[in-house]
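Next come the chains, spelled out residue by residue.
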Amino acid sequence: MTVRSDTSFRSAVSTDAPLKPGFADPVFDSQAVFRDLLVATAYPGRIVSLDRKLTAPRPFSSATAALCLSLMDFETPAWLDTGLDNNELTAWLRFHCSLPLTKTAANARFAIVSDPANLPPLQAFHQGDVEYPDRSTTLIIQVPSLADGPAMTWMGPGINGSIKVGIAGLPPQFWTDWDLNRELYPRGIDVFFTSGNDLIGLPRTIKVEA
Amino acid sequence: MSGTMNTDLGGDGYNFAFLDEQTKRMIRRTLLKALSIPGYQVPFGGREMPLASGWGTGGLQVTASVLGPNDRLKVIDQGADDTTNAVSIRRFFHTVANVAVTESTEQATIIQTRHRVPEAPLKEGQILVYQVPEPEPLRRLIPRESETRKMHAYAEYGTMQVTLYEDIARFGRIARTYDYPAIVNGRFLMSPSPIPKFDNPKIANNPAMQFWGAGREKRIYAVPPYTTAHSLDFDDHPFEVQSWKGCCALCGSTMSYLDEVITDDKGSRMFVCSDTDFCTTHQAKAAAQTKVVGEHS
Chain A
1 MTVRSDTSFR
11 SAVSTDAPLK
21 PGFADPVFDS
31 QAVFRDLLVA
41 TAYPGRIVSL
51 DRKLTAPRPF
61 SSATAALCLS
71 LMDFETPAWL
81 DTGLDNNELT
91 AWLRFHCSLP
101 LTKTAANARF
111 AIVSDPANLP
121 PLQAFHQGDV
131 EYPDRSTTLI
141 IQVPSLADGP
151 AMTWMGPGIN
161 GSIKVGIAGL
171 PPQFWTDWDL
181 NRELYPRGID
191 VFFTSGNDLI
201 GLPRTIKVEA
Chain B
1 MSGTMNTDLG
11 GDGYNFAFLD
21 EQTKRMIRRT
31 LLKALSIPGY
41 QVPFGGREMP
51 LASGWGTGGL
61 QVTASVLGPN
71 DRLKVIDQGA
81 DDTTNAVSIR
91 RFFHTVANVA
101 VTESTEQATI
111 IQTRHRVPEA
121 PLKEGQILVY
131 QVPEPEPLRR
141 LIPRESETRK
151 MHAYAEYGTM
161 QVTLYEDIAR
171 FGRIARTYDY
181 PAIVNGRFLM
191 SPSPIPKFDN
201 PKIANNPAMQ
211 FWGAGREKRI
221 YAVPPYTTAH
231 SLDFDDHPFE
241 VQSWKGCCAL
251 CGSTMSYLDE
261 VITDDKGSRM
271 FVCSDTDFCT
281 THQAKAAAQT
291 KVVGEHS
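Respectively, the protein sequence lines represent chains A and B. Counting from 1, one number per residue, gives the positions in the first sequence under the numbering used here. Counting from 1, one number per residue, gives the positions in the second sequence under the numbering used here.
None of these hints come from the bench; they were simulated from the model. Any given hint might turn out to be false.
Unchecked claim - Calculated lysine-lysine pairs in the DSSO-like style (CA-CA distance at most 27 Å, straight line): (1) 245/B with 266/B; (2) 123/B with 207/A; (3) 164/A with 207/A; (4) 53/A with 20/A; (5) 285/B with 123/B; (6) 218/B with 150/B; (7) 150/B with 207/A; (8) 266/B with 164/A; (9) 207/A with 103/A.
Said to hold, decoys possible - Cβ pair distances, simulated, as ranges: (10) 130/A with 88/B: 37 to 43 Å; (11) 153/A with 291/B: 46 to 52 Å; (12) 146/B with 107/A: 21 to 27 Å; (13) 101/B with 115/A: 45 to 51 Å.
What you are looking at is a predicted structure, and each value in this text was computed from that prediction instead of being measured. A virtual CB, placed ideally from N, CA and C, is assigned to each residue, including glycine.
With the sequences and hints as input, model every part of the structure.
Written as structure tokens, this is what we have:
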């Protein structure tokens, strides 16, 4: 792990509580979490429980932290809704993932929203290019519950017929933004909803109806 | 160098499953984007593998990135578990990942395949990894990548349809028998890799996850479970799969893909299932049934 010399990192280390640990076994833990992410993306709408539990830095849940550790590294600029002032969190991400953090949502490969009330419109993120739709932002939204929200019907690739999903705590304009996101296909952003140690995948192909 | 393979390398000689962690993470991100855009070829940083390209380096990298200690791996080449390519890839993963291997389609969690889809239906959660020599279905028509990329961006697939029509004009039917192009999720034209067109219908609405890895061309694409894959055709020339007059000479199956095998130099031949696991399972079932019938009479 390279030690970074930028000042934010130094101040984080000197002023705050000791860094929270990452995966106990980086190789097998990130493989296990990735397989859960793969299942969540392949079978959208199903609640997938991760079988690794982490003591995550505030305000991340265990699932959000595990997702960061298994997918992110120096190649993936990330945007945080908390801004870059949370020293405990930014130091953790920089140390364990070597993660470059960006202030511009449109440049981010990953965006992590720990409070859905802070969610900017989906169009603020990178939508992918016409010739390279895979370059869009993957959005991670931490919600209070994956089952207790208003039940919506999801349809599309990976879903056999349709499935009822009740994501709680999303701002009212989210699903209107989602319809616009689908209009852009094959461009568009992909979403993971996390809560506690569970997550649900929502790839851009999924049609959501009330 | 000794001639024997050191099978103890799993723990210390290499990282688990050969690839380093950063490469695996990069491929894993690619796999997730591939599932999100069914049929779209996602570029990835393909690595040199200890195998020449053309022998399944793309499939190998996909398998290495998803593989874990609890998996059970099956590798097939043209449907068979016991051909050179299948045996060496299976032994590779047994060496570098110490993973359990199987020949049974039902028991495998990951199946790496060259040029066939197993006959036995796949289940949810299983992962099928195809080895792909040329991921671009339009490449033989348009040699330039910059052009084909635009054609995919704007869903301009008329040239492919014209090629199929030219077949009809010359031969009276669509003459393609393998690598038969399909439109995935109503949007992207995809090469299913050189599988016989017999297997094309199995790609559509399959409960398993399917990934294609092209090592030389550095592309990965996917068809998620329960996704449409429409093999191109015309209203008056609908898509059809191969059929055979006889049945498998070993197991008697009439619904599997048959290979012609020459048995001597006087022109004798027989047709047998190309999927060896399906054929042996079928033979064992038939044997058990005759035994039961024999006991009752």
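Quick rundown of the hints versus the structure:
{"no.": "1", "hint": "245/B with 266/B", "result": "holds, 22 Å"}
{"no.": "2", "hint": "123/B with 207/A", "result": "holds, 24 Å"}
{"no.": "3", "hint": "164/A with 207/A", "result": "holds, 12 Å"}
{"no.": "4", "hint": "53/A with 20/A", "result": "holds, 13 Å"}
{"no.": "5", "hint": "285/B with 123/B", "result": "holds, 21 Å"}
{"no.": "6", "hint": "218/B with 150/B", "result": "holds, 18 Å"}
{"no.": "7", "hint": "150/B with 207/A", "result": "holds, 26 Å"}
{"no.": "8", "hint": "266/B with 164/A", "result": "violated, 64 Å"}
{"no.": "9", "hint": "207/A with 103/A", "result": "violated, 30 Å"}
{"no.": "10", "hint": "130/A with 88/B: 37 to 43 Å", "result": "holds, 41 Å"}
{"no.": "11", "hint": "153/A with 291/B: 46 to 52 Å", "result": "holds, 51 Å"}
{"no.": "12", "hint": "146/B with 107/A: 21 to 27 Å", "result": "holds, 25 Å"}
{"no.": "13", "hint": "101/B with 115/A: 45 to 51 Å", "result": "holds, 47 Å"}
Violation of the numbered hints given earlier is confined to hints 8 and 9; the remaining hints are satisfied by the structure.
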